[in-house]
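Trainee: From first to last, the protein sequence lines are chains A and B.
Using this note's numbering, the first residue of the first sequence is number 2, and each one after it goes up by one.
Using this note's numbering, the first residue of the second sequence is number 2, and each one after it goes up by one.
Hints were generated in silico from the structure; no laboratory data involved.
Be careful, since some hints might not be right.
No copy labels: a pair is met if it fits in one copy or bridges any two.
To be verified - Computed list of lysine to any residue pairs in SDA-like fashion (alpha-carbon distance at most 20 Å, straight line):
{"hint": "1", "residue 1": "Lys28", "residue 2": "Thr11"}
{"hint": "2", "residue 1": "Lys170", "residue 2": "Ile272"}
{"hint": "3", "residue 1": "Lys369", "residue 2": "Ser333"}
{"hint": "4", "residue 1": "Lys28", "residue 2": "Leu15"}
{"hint": "5", "residue 1": "Lys273", "residue 2": "Leu223"}
{"hint": "6", "residue 1": "Lys273", "residue 2": "Val93"}
{"hint": "7", "residue 1": "Lys188", "residue 2": "Val18"}
{"hint": "8", "residue 1": "Lys170", "residue 2": "Leu15"}
{"hint": "9", "residue 1": "Lys28", "residue 2": "His17"}
{"hint": "10", "residue 1": "Lys102", "residue 2": "Ser195"}
{"hint": "11", "residue 1": "Lys102", "residue 2": "Val19"}
{"hint": "12", "residue 1": "Lys170", "residue 2": "Glu89"}
{"hint": "13", "residue 1": "Lys246", "residue 2": "Glu194"}
{"hint": "14", "residue 1": "Lys188", "residue 2": "Glu162"}
2 protein chains.
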Amino acid sequence: MNAEVITVGTELLLGHVVDTNSAYIGKRLAEVGINLFFKSAVGDNLDRIVQQLRLSMSRASIVIVTGGLGPTGDDITKEALAIATGREMVLVPRLAVEIEKRFASMGRQMTPNNLRQAEIPKGAEPLPNPAGTAPGVMLEHGGVTVFLLPGVPREMRTMFEDSVMPYLKQRLAGEGGGAVIKSRTLKVAGLGESACEAEIADILREQTNPTIAPLAYPGEVLLRITARALDERAALDLIAPVEEKIRERLGPAVFGVDDETLESACARLAIKNRVRIAVAESCTGGLISHRLTNVPGVSETYVLGVVSYSNDAKERVLGVPGAVLSRYGAVSRECAIAMARGVMALGPADIGIATTGIAGPSGATPTKPVGLVYIALASGSSVVSSRFNFPGNREEIKLRAANAALNMLRLWLLRIAFGREGTGQEIKGRQAGDREAV
Amino acid sequence: MNAEVITVGTELLLGHVVDTNSAYIGKRLAEVGINLFFKSAVGDNLDRIVQQLRLSMSRASIVIVTGGLGPTGDDITKEALAIATGREMVLVPRLAVEIEKRFASMGRQMTPNNLRQAEIPKGAEPLPNPAGTAPGVMLEHGGVTVFLLPGVPREMRTMFEDSVMPYLKQRLAGEGGGAVIKSRTLKVAGLGESACEAEIADILREQTNPTIAPLAYPGEVLLRITARALDERAALDLIAPVEEKIRERLGPAVFGVDDETLESACARLAIKNRVRIAVAESCTGGLISHRLTNVPGVSETYVLGVVSYSNDAKERVLGVPGAVLSRYGAVSRECAIAMARGVMALGPADIGIATTGIAGPSGATPTKPVGLVYIALASGSSVVSSRFNFPGNREEIKLRAANAALNMLRLWLLRIAFGREGTGQEIKGRQAGDREAV
Numbered sequence: 002m003n004a005e006v007i008t009v010g011t012e013l014l015l016g017h018v019v020d021t022n023s024a025y026i027g028k029r030l031a032e033v034g035i036n037l038f039f040k041s042a043v044g045d046n047l048d049r050i051v052q053q054l055r056l057s058m059s060r061a062s063i064v065i066v067t068g069g070l071g072p073t074g075d076d077i078t079k080e081a082l083a084i085a086t087g088r089e090m091v092l093v094p095r096l097a098v099e100i101e102k103r104f105a106s107m108g109r110q111m112t113p114n115n116l117r118q119a120e121i122p123k124g125a126e127p128l129p130n131p132a133g134t135a136p137g138v139m140l141e142h143g144g145v146t147v148f149l150l151p152g153v154p155r156e157m158r159t160m161f162e163d164s165v166m167p168y169l170k171q172r173l174a175g176e177g178g179g180a181v182i183k184s185r186t187l188k189v190a191g192l193g194e195s196a197c198e199a200e201i202a203d204i205l206r207e208q209t210n211p212t213i214a215p216l217a218y219p220g221e222v223l224l225r226i227t228a229r230a231l232d233e234r235a236a237l238d239l240i241a242p243v244e245e246k247i248r249e250r251l252g253p254a255v256f257g258v259d260d261e262t263l264e265s266a267c268a269r270l271a272i273k274n275r276v277r278i279a280v281a282e283s284c285t286g287g288l289i290s291h292r293l294t295n296v297p298g299v300s301e302t303y304v305l306g307v308v309s310y311s312n313d314a315k316e317r318v319l320g321v322p323g324a325v326l327s328r329y330g331a332v333s334r335e336c337a338i339a340m341a342r343g344v345m346a347l348g349p350a351d352i353g354i355a356t357t358g359i360a361g362p363s364g365a366t367p368t369k370p371v372g373l374v375y376i377a378l379a380s381g382s383s384v385v386s387s388r389f390n391f392p393g394n395r396e397e398i399k400l401r402a403a404n405a406a407l408n409m410l411r412l413w414l415l416r417i418a419f420g421r422e423g424t425g426q427e428i429k430g431r432q433a434g435d436r437e438a439v
Numbered sequence: 002m003n004a005e006v007i008t009v010g011t012e013l014l015l016g017h018v019v020d021t022n023s024a025y026i027g028k029r030l031a032e033v034g035i036n037l038f039f040k041s042a043v044g045d046n047l048d049r050i051v052q053q054l055r056l057s058m059s060r061a062s063i064v065i066v067t068g069g070l071g072p073t074g075d076d077i078t079k080e081a082l083a084i085a086t087g088r089e090m091v092l093v094p095r096l097a098v099e100i101e102k103r104f105a106s107m108g109r110q111m112t113p114n115n116l117r118q119a120e121i122p123k124g125a126e127p128l129p130n131p132a133g134t135a136p137g138v139m140l141e142h143g144g145v146t147v148f149l150l151p152g153v154p155r156e157m158r159t160m161f162e163d164s165v166m167p168y169l170k171q172r173l174a175g176e177g178g179g180a181v182i183k184s185r186t187l188k189v190a191g192l193g194e195s196a197c198e199a200e201i202a203d204i205l206r207e208q209t210n211p212t213i214a215p216l217a218y219p220g221e222v223l224l225r226i227t228a229r230a231l232d233e234r235a236a237l238d239l240i241a242p243v244e245e246k247i248r249e250r251l252g253p254a255v256f257g258v259d260d261e262t263l264e265s266a267c268a269r270l271a272i273k274n275r276v277r278i279a280v281a282e283s284c285t286g287g288l289i290s291h292r293l294t295n296v297p298g299v300s301e302t303y304v305l306g307v308v309s310y311s312n313d314a315k316e317r318v319l320g321v322p323g324a325v326l327s328r329y330g331a332v333s334r335e336c337a338i339a340m341a342r343g344v345m346a347l348g349p350a351d352i353g354i355a356t357t358g359i360a361g362p363s364g365a366t367p368t369k370p371v372g373l374v375y376i377a378l379a380s381g382s383s384v385v386s387s388r389f390n391f392p393g394n395r396e397e398i399k400l401r402a403a404n405a406a407l408n409m410l411r412l413w414l415l416r417i418a419f420g421r422e423g424t425g426q427e428i429k430g431r432q433a434g435d436r437e438a439v
C-alpha cells in the first residue's frame, strides 16, 4: 500500500511556516509499514491543487492532504477534491448544526463563511474534528482513499489518530498486514562522519534489511538502523544484531539511542555513580549548564555553573592565578585547567569541567584563531585537557565545544563506573586529540 | 519566472528530519518575486528522483534540488539529473584536487567514496561549497535551469546565497523584474497573543496589502507584515506606515524587527549605555547566559554568569543569607532579590538579574507549583522583582522564564537610555505583574 501526502497553503511555499505535519504523517505511516514515496506542497490555488490531487491519486492508493479546510476564502481544498473527482459540493445539515453549536458554546456568533465548513464533496464522509471547527473529509474514489485534514498541527494530529490511523490499520489487517518499518538511532560522539563510516564501511555495505543511514550534525553522528518486517517484534529482531555489531566496532563512542542526548547520558552516569559536577564556561557561555539542566532530576548531580566571561571573573570567582592569565592568556590549556580546578573547589564538586576559547567572529590573534578551544576536566587531583580547532560560526563553535566537553565528561564518568564495578576493563574512549575537530 | 523545489532524502519521508531548507528557499524566492507553485519531497530512489525531476522541469523554468550530494551510496541526485537529461557523468579533476586538499587541511585522510563528489553530469557547472565538501551543480537544459544543492542546511544556505541568488537576480534584471513580495517582522515581548491582537484588532482587520500575520511563540509574539509591489522600494513604502501604526499602539513591547532577538536587543542597549551585566540563574540553568553570549561582541557588557543550582551555591557563591533560604525557601521573591544583588556585587556589574523557580517535572509543593518563577533585577541600590506562573514542560518553562528576565532587563535598559538622553519621557513598559504568564 503506497501513500502520498499533499500539504496545501501558500504560507508553506513562501517559507513563512515550516511544515511539520508531513513529517508527523510520514513517521506514523512508516511505523505501520505504508510506503510514502512522494510529498508535495502546493499553494492556495484551485487549479494547482486539482492538478496535484489528480497526479497523487494516479500514483498512490492513499492520499492524505493537510490544510485549506478553514472558513476563509483561500480554504479551497474540498472544492479542489470535488473538481478532481468530478463531484459536486453538498451541504451536510448535521455539520451545520454542530458548527453553530460550537460557536454558541464559545459565546461567539457564527459568521456565514463558517457555514462553508459544512459542505463536502458528494459521496464523501465528514470526519469529526474534536480540536477545532473545520471538519475533515474522507472520500473513496476509483480505488483511492483521500483524506482531507486541517493544517493546524494539533487538530491534524488528533484527527489523524482518531480517523485515519484506525482506517489504515483495518485495511492493513484485511490485506494480511503490511510490513512494519521500525527504526532505532544510535548516537555517536567524538568521531566525525567519515571516520565513523570508515569504521563500519563493511557493515554499511552489506546491509539491505535493516538499512543503516548515517546523519551528521556538529559534533555528533546519528546512525539510523531501519528494518522492515511483518511485525514490530520481527523488525526489532532484525535490528538487534546489527546494533550489536556497530557497538562492538565503535565502542564507547556510541553514547545512546533515540532520544538520549549527551547531557542526559552524562546526567544518568553521574547520578548513578553519585558524582557531583560543576561547570566553568568561557567560550560556551552557559550552554553546557543550560543543556545539563534540561535533564529532569539533574539537581542530584549538577551543583554549580560559572560563566566567567571576563578575566577578572576568572581570577576572582574561579581563582585562576593572575600569572596564568598574564603568561598564557585566557585562551590557553593552563587557564582551562585552572578554571576546572577552581570550579570543582567552589562547587564543591567531584568533577569540574571548563571551556575557554574563541567563539568569534572577533577576538582572534595570529596564534589564536577563531575556533580554538581548550577543554579541561579536573577530578580530585587528576586533570585531563584537550585542544580543538572547531569550524563554523559563533553558535556552531559554542555547540561543538559544548559537545566535546560533555563527551569528555561522559568518557570520564564511564571510567569511574567501570572502576567501581571492578571489571578492570579499560574504557579506551576516543579522546579527541590536538587539532582534531569533530 | 516559476520555480520548483525538490527535497531529496528518505529521512524526510520517514519523518526523521523536518525539512527547513525548502522554507528558506521559498522565503528567498518570494523576496525577489519568483513564483514557487510546487514543492516536492522524494526518497533516495533513483527512479523516483528522475521522475520528479522530469515533472518539475516540465512545469518550471528554475528547479532547485536539495540533498543527496554526499559521498555515501544513497547520495544519487547527480546521477538522477544525468539520467533525467540524457547525459553521462564525468569526473572534474579540479574538484577532485579541491576535495583532497580540504581533507588534508583538516588533517584527515580522504576515503575513495569522497571522490564521487567530484563527478557531475556532462555539460553541468560545479558550484563551490565553501562550508562543506560536496560541491553543488548547475545545469541548463532545454530552457530550464536546475540547481543541485547539499541537504545540510548551513551548506545549502551558503551555496544558495553565493551561487543561486546572484544567478536569479541577473536573470530577473534581464527580464525586467517581477512583482516583489517583501516581509518585515515586528517582535513583541511581554504581551500574550490575544492581548497583542486585541490592541491592534482594527489594524489587523483593515489590512489587505500589506497583510499582517500574528505568530505566537512562548513569551514572544511575531507580527509579520507582508507587502506585494512592483519593486522592493514600493513594497517597503507600503510596509512603513503600517509598522508605524503598530509601534504607536504597542509602544516598547515591540523589541525589534526581523533577526533581532531579546538578547541582542539587551546587548545593544547595554553596550550603548556602557552598562555591565551579571546573571544569576537557578531554574533557567544557564539559558540566559547562553543566549546573551550568542550575541557577537557581548563581552563588552556581559561579565559573569552564575548557575547556582544548589542552596549551598546560592549561599556561598552569591551570598544569599542562610536566613532567607530557611525562612522563604530558594523559590521566593526574597531569594531572587538576594541572588540579583549577590551576582551584581560579585561581577562586579551595574545590573544583576536573577531567576529562581520550579521548572519541573518534580520539585513542586502544595504552595509552590511547577512553573512558579521569581525574577529580580538589581541596579545600584534599586531592585525590581516579579512573580510568574508559566505553563508548559521543563524546557518551555526555562524558555519563558529566560524571555521574561531578558524583557525585564531590556525595559530597565530602555529607562536608563531615556534617562541619559534626558528626554524626560517615561518608558511605561509592560511589566508583567503577579501571576501573569506570557
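Trainee: All hints are to be evaluated individually against the structure, with a verdict given for each.
Mentor: Hints, one by one, checked against the model:
1. Taking identical chains as interchangeable, the C-alpha atoms of Lys28 and Thr11 lie at most 20 Å apart only when they sit on different chains, with a minimum of 11 Å there against 24 Å within one chain.
2. In this assembly of identical chains, Lys170 and Ile272 lie within 20 Å of each other by CA distance neither inside one copy nor across copies; the values are 37 Å within and 57 Å between.
3. Only within a single protomer do Lys369 and Ser333 lie at most 20 Å apart by alpha-carbon distance; the minimum there is 9 Å, versus 44 Å between protomers.
4. With identical chains, the CA atoms of Lys28 and Leu15 are at most 20 Å apart between copies only, with a shortest distance of 5 Å across copies and 25 Å within one.
5. In this assembly of identical chains, Lys273 and Leu223 lie within 20 Å of each other by CA distance neither inside one copy nor across copies; the values are 25 Å within and 43 Å between.
6. When the C-alpha separation of Lys273 and Val93 is checked against a cutoff of 20 Å, the pair qualifies neither within a copy, at 52 Å, nor between copies, at 54 Å.
7. In the homo-oligomer, the alpha carbons of Lys188 and Val18 lie at most 20 Å apart only across protomers (15 Å), although the nearest pairing inside one protomer, at 28 Å, exceeds that limit.
8. In this assembly of identical chains, the alpha carbons of Lys170 and Leu15 lie at most 20 Å apart only when taken from different copies (18 Å versus 35 Å within one copy).
9. Taking CA atoms no more than 20 Å apart as the test, Lys28 paired with His17 passes between copies only; the shortest distance there is 7 Å, against 23 Å inside one copy.
10. In this assembly of identical chains, Lys102 and Ser195 lie within 20 Å of each other by CA distance solely across copies; the values are 15 Å between and 56 Å within a copy.
11. In this assembly of identical chains, Lys102 and Val19 lie within 20 Å of each other by CA distance neither inside one copy nor across copies; the values are 33 Å within and 37 Å between.
12. Taking the shortest Cα distances, Lys170 and Glu89 never come within 20 Å of each other, neither inside one copy (30 Å) nor across copies (44 Å).
13. With identical chains, the CA atoms of Lys246 and Glu194 are at most 20 Å apart within one copy only, with a shortest distance of 18 Å there and 51 Å across copies.
14. For the homomeric pair Lys188 and Glu162, neither the shortest alpha-carbon distance inside one copy (25 Å) nor that between copies (32 Å) is at most 20 Å.
When the structure is compared with the earlier hints, violations turn up for hints 2, 5, 6, 11, 12 and 14 and for no others.
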